[in-house]
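Protein chains: 2
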Amino acid sequence: MDISSYFSVWGKLEPATQQALSAAVMSRRAEVGTVLYRGEAECLGLVVLKSGRLRTYMISPDGREVTLYRLLDGDICLFSASCVLNGLQLDIIIEAERESELLVIPSYIFKQQMEKSLPLANYVNEIMNSRFSEVMWLMEQIMWKSMDARLADFLLAEAVLEESTALKITHERIAAHLGSAREVVTRLLRYFQQEGLVELSRGQILLTDEKKLRELAG
Amino acid sequence: MDISSYFSVWGKLEPATQQALSAAVMSRRAEVGTVLYRGEAECLGLVVLKSGRLRTYMISPDGREVTLYRLLDGDICLFSASCVLNGLQLDIIIEAERESELLVIPSYIFKQQMEKSLPLANYVNEIMNSRFSEVMWLMEQIMWKSMDARLADFLLAEAVLEESTALKITHERIAAHLGSAREVVTRLLRYFQQEGLVELSRGQILLTDEKKLRELAG
Numbered sequence: 275m276d277i278s279s280y281f282s283v284w285g286k287l288e289p290a291t292q293q294a295l296s297a298a299v300m301s302r303r304a305e306v307g308t309v310l311y312r313g314e315a316e317c318l319g320l321v322v323l324k325s326g327r328l329r330t331y332m333i334s335p336d337g338r339e340v341t342l343y344r345l346l347d348g349d350i351c352l353f354s355a356s357c358v359l360n361g362l363q364l365d366i367i368i369e370a371e372r373e374s375e376l377l378v379i380p381s382y383i384f385k386q387q388m389e390k391s392l393p394l395a396n397y398v399n400e401i402m403n404s405r406f407s408e409v410m411w412l413m414e415q416i417m418w419k420s421m422d423a424r425l426a427d428f429l430l431a432e433a434v435l436e437e438s439t440a441l442k443i444t445h446e447r448i449a450a451h452l453g454s455a456r457e458v459v460t461r462l463l464r465y466f467q468q469e470g471l472v473e474l475s476r477g478q479i480l481l482t483d484e485k486k487l488r489e490l491a492g
Numbered sequence: 275m276d277i278s279s280y281f282s283v284w285g286k287l288e289p290a291t292q293q294a295l296s297a298a299v300m301s302r303r304a305e306v307g308t309v310l311y312r313g314e315a316e317c318l319g320l321v322v323l324k325s326g327r328l329r330t331y332m333i334s335p336d337g338r339e340v341t342l343y344r345l346l347d348g349d350i351c352l353f354s355a356s357c358v359l360n361g362l363q364l365d366i367i368i369e370a371e372r373e374s375e376l377l378v379i380p381s382y383i384f385k386q387q388m389e390k391s392l393p394l395a396n397y398v399n400e401i402m403n404s405r406f407s408e409v410m411w412l413m414e415q416i417m418w419k420s421m422d423a424r425l426a427d428f429l430l431a432e433a434v435l436e437e438s439t440a441l442k443i444t445h446e447r448i449a450a451h452l453g454s455a456r457e458v459v460t461r462l463l464r465y466f467q468q469e470g471l472v473e474l475s476r477g478q479i480l481l482t483d484e485k486k487l488r489e490l491a492g
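Top line first, the protein sequences correspond to chains F and G.
Every position in the first sequence, counted from 1, becomes a number in the working numbering once 274 is added.
Every position in the second sequence, counted from 1, becomes a number in the working numbering once 274 is added.
Any given hint could be a false lead.
What follows is a set of in silico ranges between Cβ atoms, one per label pair, in the way DEER data are often shown [to be verified]:
id, chain 1, residue 1, chain 2, residue 2, range
1, F, Met300, G, Gly348, 41 to 47 angstroms
2, G, Asp336, F, Arg312, 36 to 42 angstroms
3, F, Thr460, G, Leu346, 43 to 49 angstroms
4, G, Gln467, F, Arg303, 55 to 61 angstroms
5, G, Ser334, F, Glu473, 32 to 38 angstroms
6, F, Glu473, G, Gly477, 52 to 58 angstroms
Please keep in mind that the hints were generated in silico from the structure rather than gathered at the bench.
Backbone N, C-alpha and C define an ideal beta-carbon position, used for all residues, glycine too.
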């Protein structure tokens with residue numbers, strides 16, 4: 275349960291802070307689909323993802339989803355501690371998308387240390403800034419990009435994540451990532467197939483022309 | 275040029291930090307339409323708005339605008355110092371929407387002090403968190419709300435800002451706030467007029483039924 279290797283700032287932290295964080299860290303396993311954070315209800319604490327994958331998403335009043343971002347091996351999740359981050363009110367859900375191994379620092383300990391340690395406070399600032407930048411990037415995509423460009427972008431990103439151009443994902447799941455409807459995704463994928471960009475079969479989407487997909491993604 | 279009254283955290287800052295910030299502060303006047311920040315090009319520093327109004331917005335590759343938020347008397351603008359906030363990459367513009375009086379702390383001094391002062395670092399964290407929350411709220415509006423609800427919401431907010439239900443604003447400007455097209459705004463406003471929610475005349479929109487507008491805004 276060594277947390278030091280996951281914090282790039284570790285070497286700059288005061289010994290007392292290092293000790294307090296190390297002593298408080300817990301390890302946790304999350305099965306696929308486990309909800310780790312939902313609004314104010316569960317304030318887990320600071321989460322370090324040792325292995326697996328987490329998805330952070332918003333959900334509309336009528337149940338539509340849109341993915342904000344995914345966390346991969348070694349990433350730090352701040353939002354799961356948002357209850358102790360003054361001023362942060364986010365209506366989001368964090369879910370294990372793969373079986374995941376986590377290190378958790380409980381919220382109150384994390385808050386205590388952040389109020390005592392300048393390098394930790396600035397590190398949290400930095401993580402927050404980069405999450406903010408990612409969400410702003412997403413907002414630009416949603417505002418200015420057409421759905422076909424966003425779908426092409428999503429398929430390419432998914433192929434990188436899965437290390438395969440044969441994607442096993444339903445149209446329904448893609449719609450939930452993009453904040454769209456299944457019918458819209460199906461219609462666009464059929465159009466992509468017609469243009470030779472993908473090949474569709476039961477439960478699978480094969481990317482057949484990544485170059486054209488990249489052009490479409492812009 | 276007393277900056278102490280604008281920082282709620284001032285009393286908790288170390289004397290050295292108070293002194294450094296006070297000594298560095300400059301005052302500046304901005305006419306309507308002055309661009310205070312544009313991407314990486316101009317990194318003004320931390321801005322305190324003494325009086326006036328600032329608008330923060332994004333702009334699409336083809337020139338469409340959408341307002342992120344406005345800053346009012348006494349508000350602190352962090353994004354104008356984003357060049358010294360590690361990890362923050364925002365493609366935004368900050369513009370004076372009214373004639374404004376500003377206090378400015380240059381970026382490098384602000385960064386220096388943030389790296390020395392724990393209460394200042396946590397204060398910056400807190401401001402950033404609340405801006406993030408506002409932007410996430412806006413993203414939810416854009417994702418899940420129809421344009422008529424967003425327009426009703428905008429008209430009501432504008433009436434509060436202007437302290438008047440007779441709004442002197444063009445359809446073009448409204449479209450730029452909402453990230454929409456002028457034609458869409460005009461069509462919706464005509465529909466609002468038909469339903470008795472507003473009265474349109476040259477260069478003016480009179481809100482005639484705020485209760486119904488609130489219902490529509492949801």
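Hints, verified against the model:
For Met300 of chain F paired with Gly348 of chain G, a C-beta distance near 42 angstroms keeps the hint of 41 to 47 angstroms intact. For the hinted restraint 36 to 42 angstroms between Asp336 of chain G and Arg312 of chain F, the CB-CB distance of approximately 38 angstroms keeps it satisfied. Checked against the hint of 43 to 49 angstroms, the C-beta distance between Thr460 of chain F and Leu346 of chain G comes to roughly 46 angstroms, which is consistent with it. At roughly 59 angstroms, the beta carbons of Gln467 of chain G and Arg303 of chain F sit within the given window of 55 to 61 angstroms.
For the pair Ser334 of chain G and Glu473 of chain F, the beta carbons lie near 33 angstroms from each other, so the given range of 32 to 38 angstroms is met. A hinted range of 52 to 58 angstroms holds for the C-beta pair Glu473 of chain F and Gly477 of chain G, which are about 56 angstroms apart.
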